[in-house]
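Student: Line by line, the protein sequences give chains G and R.
Just so you know, we're using the numbering used here here: the first sequence kicks off at 259 and counts up by one.
Just so you know, we're using the numbering used here here: the second sequence kicks off at 259 and counts up by one.
Calculated directly from the structure, the hints in this document are not laboratory data.
Wrong hints could be hidden among the right ones.
Which copy? The list can't say, so a pair holds if one copy fits it or any two copies do.
Below, computed lysine-lysine pairings styled on BS3-like, alpha-carbon distance capped at 27 Å [what the hints assert, rightly or not]: (1) LYS331 <-> LYS408; (2) LYS263 <-> LYS347; (3) LYS348 <-> LYS408; (4) LYS347 <-> LYS319; (5) LYS263 <-> LYS348; (6) LYS443 <-> LYS263; (7) LYS306 <-> LYS327; (8) LYS306 <-> LYS331; (9) LYS443 <-> LYS327; (10) LYS319 <-> LYS408; (11) LYS348 <-> LYS306.
Given next are the chains, with one letter for each unit.
There are 2 protein chains.
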Amino acid sequence: MTSAKIRLYVEHPLGQGQSVPLNRDQAHYLFGVMRRSVGDLVALFNGKDGEWQADITEAGKRGGVLAVKTQSKALQMPPDLWLIFAPIKKARTDFIVEKAAEMGARRICPVQTDFTNADRIRQDRLQAHAVEAAEQCGGTFVPEVCELQKLSRVLEEWPEDRQLMFCDEALVGAAKTLRMAGGEKWAILIGPEGGFSQAERARLGDAAYAHSVSLGPRILRADTAAVAALTVWQQALGDWT
Amino acid sequence: MTSAKIRLYVEHPLGQGQSVPLNRDQAHYLFGVMRRSVGDLVALFNGKDGEWQADITEAGKRGGVLAVKTQSKALQMPPDLWLIFAPIKKARTDFIVEKAAEMGARRICPVQTDFTNADRIRQDRLQAHAVEAAEQCGGTFVPEVCELQKLSRVLEEWPEDRQLMFCDEALVGAAKTLRMAGGEKWAILIGPEGGFSQAERARLGDAAYAHSVSLGPRILRADTAAVAALTVWQQALGDWT
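Go ahead and model the full structure; you've got the sequences and the hints to work with.
Tutor: Here is the structure:
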């Protein structure tokens with residue numbers, strides 16, 4: 259059996275013999291945009307049951323039905339890693355969400371820092387970006403995009419069993435500090451483009467769970483820093499080894 | 259003395275007492291867009307002489323003059339690293355050039371591979387992107403963007419003393435192979451989104467200078483792969499340690 263070229267995220271449970279209904283948007287994409295029709299093969303994933311090959315059995319303007327056949331990939335969960343970042347301009351925020359999904363983060367948390375001026379995000383739009391990135395990169399998991407929270411609040415409620423890697427030009431550490439810290443639950447905090455405030459820096463400096471890591475001698479934009487930091491972490495402690 | 263917030267790339271030599279003329283575009287940016295005027299401070303760099311603070315001494319619609327005062331940063335050359343990649347969609351190609359400049363590459367080489375369909379690039383536009391990225395990231399060096407070449411040609415003429423790190427899903431290596439290979443002159447080759455052809459893969463597999471490195475279990479887009487590969491290299495052999 260050849261594999262489907264199109265990968266679609268659905269919320270429906272997936273298993274052999276399941277019938278999966280398509281909503282209007284999915285039907286429009288599959289039949290209108292991608293010109294697929296009854297009998298064509300589509301790959302489905304829902305973030306829980308791995309990837310499955312499915313046949314189109316009904317195709318209409320407002321919906322359709324897929325018949326699930328065989329599993330083509332087991333669920334591959336990324337490491338238990340959160341990416342916490344201060345939202346920047348729209349295109350670069352979208353980019354950070356896309357990259358976090360591709361690079362293997364489990365949760366994506368936009369935060370307001372003392373020097374961030376974003377006071378709202380479109381959580382639904384960012385979540386849709388994460389879905390699209392998973393569809394494109396062959397992933398079977400979609401990271402959850404959280405609502406915007408204050409960084410101070412996130413740090414106040416920090417879970418005891420989670421380590422934090424943060425990237426700050428003013429503080430320098432090396433990737434080996436990550437390996438020494440160990441642990442399986444982690445988060446990466448990307449500093450805002452205006453840098454952390456003194457209060458934030460003091461708080462992070464005092465926290466036993468927080469480990470600073472250097473991203474080299476040049477100043478990186480927040481979106482570059484996100485990909486670089488995910489790479490450093492995945493290489494030291496994640497599933498790249 | 260406070261430092262200038264605006265950083266401008268110029269082609270003129272820089273040194274104490276130098277007068278630097280501005281062209282029409284620079285004058286428009288500095289006086290029209292950024293609203294600077296005579297007496298204001300600007301940081302200048304030319305990719306050779308480091309960063310210098312300069313005073314605006316003449317400001318007009320079609321030009322202006324800056325008086326160079328003191329050096330604020332020495333020239334910081336990035337490692338002797340080339341980034342070779344197959345151009346993709348415009349926005350993502352721009353992004354790769356921007357990221358290579360930020361992450362510290364010395365030369366950026368777009369190539370045509372067997373599975374690339376780009377047959378031209380706008381070298382001047384990409385070079386301008388590299389300049390802008392250097393202006394923004396506080397760099398004192400601007401990587402050179404080469405004209406589009408065929409990958410087969412680049413490999414035929416490969417310099418004897420340069421190592422090549424390439425990233426290919428079909429071949430797996432680890433960052434420590436980089437450290438074992440050593441050497442100071444390197445290039446990173448990012449596979450095109452359609453993958454390498456059998457011929458290209460065979461050629462790279464046979465070459466003693468070529469070292470394959472894995473970028474994890476997920477498929478990365480070419481722009482993500484560029485930043486991730488630069489991070490892996492900079493951490494193993496570059497100036498991040």
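Student: All hints are to be evaluated individually against the structure, with a verdict given for each.
Tutor: Checked hints:
1. LYS331 <-> LYS408: neither (38 Å within a copy, 36 Å between copies)
2. LYS263 <-> LYS347: between (32 Å within a copy, 20 Å between copies)
3. LYS348 <-> LYS408: Only inside one copy: LYS348 and LYS408 sit 19 Å apart there, 35 Å across copies, limit 27 Å.
4. LYS347 <-> LYS319: For LYS347 and LYS319, neither the intra-copy (36 Å) nor the inter-copy (31 Å) Cα distance is at most 27 Å.
5. LYS263 <-> LYS348: between (30 Å within a copy, 23 Å between copies)
6. LYS443 <-> LYS263: Answer is neither; intra-copy 34 Å and inter-copy 39 Å both fail.
7. LYS306 <-> LYS327: within (17 Å within a copy, 62 Å between copies)
8. LYS306 <-> LYS331: So LYS306 and LYS331 pass the 27 Å test inside one copy only (11 Å; across, 52 Å).
9. LYS443 <-> LYS327: For LYS443 and LYS327, neither the intra-copy (35 Å) nor the inter-copy (51 Å) Cα distance is at most 27 Å.
10. LYS319 <-> LYS408: For LYS319 and LYS408, the Cα distance exceeds 27 Å both inside one copy (43 Å) and across copies (45 Å).
11. LYS348 <-> LYS306: neither (29 Å within a copy, 35 Å between copies)
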